[in-house]
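Going down the list, the sequences are from chains P and C.
Mapping of the first sequence onto the numbering used here: residues 3 to 234, in sequence order.
Mapping of the second sequence onto the numbering used here: residues 8 to 246, in sequence order.
Heads up, none of these hints are tricks.
Computed list of lysine-lysine pairs in DSS-like fashion (alpha-carbon distance at most 30 Å, straight line):
1. P:Lys210 to P:Lys229
2. P:Lys48 to C:Lys209
3. C:Lys151 to P:Lys139
4. P:Lys43 to C:Lys209
5. P:Lys196 to P:Lys186
6. C:Lys222 to C:Lys236
7. C:Lys166 to P:Lys6
8. C:Lys218 to C:Lys44
9. C:Lys29 to C:Lys11
10. P:Lys44 to C:Lys209
11. C:Lys29 to C:Lys236
12. P:Lys44 to C:Lys208
13. C:Lys11 to P:Lys154
14. C:Lys53 to P:Lys139
15. C:Lys53 to P:Lys197
16. C:Lys49 to P:Lys139
17. P:Lys48 to C:Lys166
18. C:Lys151 to P:Lys44
19. C:Lys151 to P:Lys43
20. P:Lys154 to P:Lys210
Because the hints were derived from the structure by calculation, they are not lab data.
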Amino acid sequence: MKLKVFVDRLSQPARAILIFCKANGIEFEEVSLDITKREHKKPEFKAINPMGQVPAIVYGDFQLFESHAILMFLAGLFGVPDHWYPADIYQRAKTQCVLDWHHSNLRSGAAPYIYNTVLAPVFGVPTNPQAAAQADKLLAASLSHIESLWLKGDGTFLHGAAQPSIADLGLVCEIMQLELVDEKDRERILGPHKKILEWIENTKNATKPHFDEVSEKLYQAKAIFQKQRTSG
Amino acid sequence: MKLKVFVDRLSQPARAILIFCKMNGIEFEEVSLDITKREHMKPEFKAINPMGQVPAIVYGDFQLFESHAILIFLAGLFGVPDHWYPADIYQRAKTQCVLDWHHSNLRSGAAPYVYHSVLAPVFDAFSPVFGDTTNPQAAAQADKLLGASLSQIESLWLKGDGTFLHGAAQPSIADLSLVCELMQLQLVDEKDRERILGPHKKILEWIENTKNATKPHFDEVSERLYQVKAMLQKQRTSG
Numbered sequence: 003m004k005l006k007v008f009v010d011r012l013s014q015p016a017r018a019i020l021i022f023c024k025a026n027g028i029e030f031e032e033v034s035l036d037i038t039k040r041e042h043k044k045p046e047f048k049a050i051n052p053m054g055q056v057p058a059i060v061y062g063d064f065q066l067f068e069s070h071a072i073l074m075f076l077a078g079l080f081g082v083p084d085h086w087y088p089a090d091i092y093q094r095a096k097t098q099c100v101l102d103w104h105h106s107n108l109r110s111g112a113a114p115y116i117y118n119t120v121l122a123p124v125f126g127v128p129t130n131p132q133a134a135a136q137a138d139k140l141l142a143a144s145l146s147h148i149e150s151l152w153l154k155g156d157g158t159f160l161h162g163a164a165q166p167s168i169a170d171l172g173l174v175c176e177i178m179q180l181e182l183v184d185e186k187d188r189e190r191i192l193g194p195h196k197k198i199l200e201w202i203e204n205t206k207n208a209t210k211p212h213f214d215e216v217s218e219k220l221y222q223a224k225a226i227f228q229k230q231r232t233s234g
Numbered sequence: 008m009k010l011k012v013f014v015d016r017l018s019q020p021a022r023a024i025l026i027f028c029k030m031n032g033i034e035f036e037e038v039s040l041d042i043t044k045r046e047h048m049k050p051e052f053k054a055i056n057p058m059g060q061v062p063a064i065v066y067g068d069f070q071l072f073e074s075h076a077i078l079i080f081l082a083g084l085f086g087v088p089d090h091w092y093p094a095d096i097y098q099r100a101k102t103q104c105v106l107d108w109h110h111s112n113l114r115s116g117a118a119p120y121v122y123h124s125v126l127a128p129v130f131d132a133f134s135p136v137f138g139d140t141t142n143p144q145a146a147a148q149a150d151k152l153l154g155a156s157l158s159q160i161e162s163l164w165l166k167g168d169g170t171f172l173h174g175a176a177q178p179s180i181a182d183l184s185l186v187c188e189l190m191q192l193q194l195v196d197e198k199d200r201e202r203i204l205g206p207h208k209k210i211l212e213w214i215e216n217t218k219n220a221t222k223p224h225f226d227e228v229s230e231r232l233y234q235v236k237a238m239l240q241k242q243r244t245s246g
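Could you put together the complete structure from these sequences and hints?
This is the structure:
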């Protein structure tokens, strides 16, 4: 049975799934959609994910969306190393806690911040500085929470783990989206968080060369935005 | 080892955990916090959940927050019937999909809608979470997301003749979590509740199915919610 993964590499959770599959040698067909061209809203894709969002997967007859559910499903189906999604009920609960927390915290801060500062015009929508300011605040609080709750001490990954889980991957891919914003803002937001910066590097290292390879489209978009900013 | 569950019965996810535990005969000590008095923000509780949110649990040395993680943990720890969190990898993925979808959809619609239309003026303790003042614009936006979410639940997961999500014959933790969220709409004006829920016959049926499958615990645990509903109704008629 063939695994099909529907993604746009500009999407944070889509990248997490691609990196996860490549790091674990999971064979799949990547079906690329361009969200800037609203390909994810077309009927052909909505037949696969009625929510019209990437990422989504198809495995035989089985369709699934929501990146965390997908990562857990793939981890179980392909029997990946335990550190990705620990079998121990306590460790698993800790990983689950972070994954759940993510939706209303880091994701709810980072994604709207980036959208309302740099991405909205790409989608033909005016930027919303008020929404950006609110998201900025939540993003900052979220980064502080990650450090104080889960990056205490000398651990390499969340909860002091020696190797990454799907929670590390999901959250770091989210934070990477900040590559799109102006360097001054990125420095302002991430600069104070040394442990976060270290953790991002640790996660990239643990999943190389896939992390940067999958992030190439993001880096290209970053370069476009930088050029636009300097040429004004 | 004793299980301690830190809750305010006014909290939707807290109620889901209480109903789940009672349904499954899981012994626990309920530690009640009053979120309207900001008891969840106090240092003693933050020592248990640094996020300062209910629900949270303590089991021996182990502390856990986020209601879905808690439900999944308890389901595994106490070996509850399979329908709550199926072992089958495909069924489990479907349940997990709903649980994940919930945060940014139903929850992000229902909770701010209820807050910005009825709760904010009454319970300013909520302001650290949702903002300082009532915000009709935020209520309207949340209303829209709530409406979309209800339609999605019906079209994605309540198609056909199934009693519960995904056509299941018995409830999962996803059914319980989402229905507890919807029950918070008991707090809004009857006209608004009718406007929002009235068009969604399958949703209404599903709420009743979930209540039935978990009685008498569902209504018993929801008693505080019903009391607050009565209080708000009184204010509306006298105000």
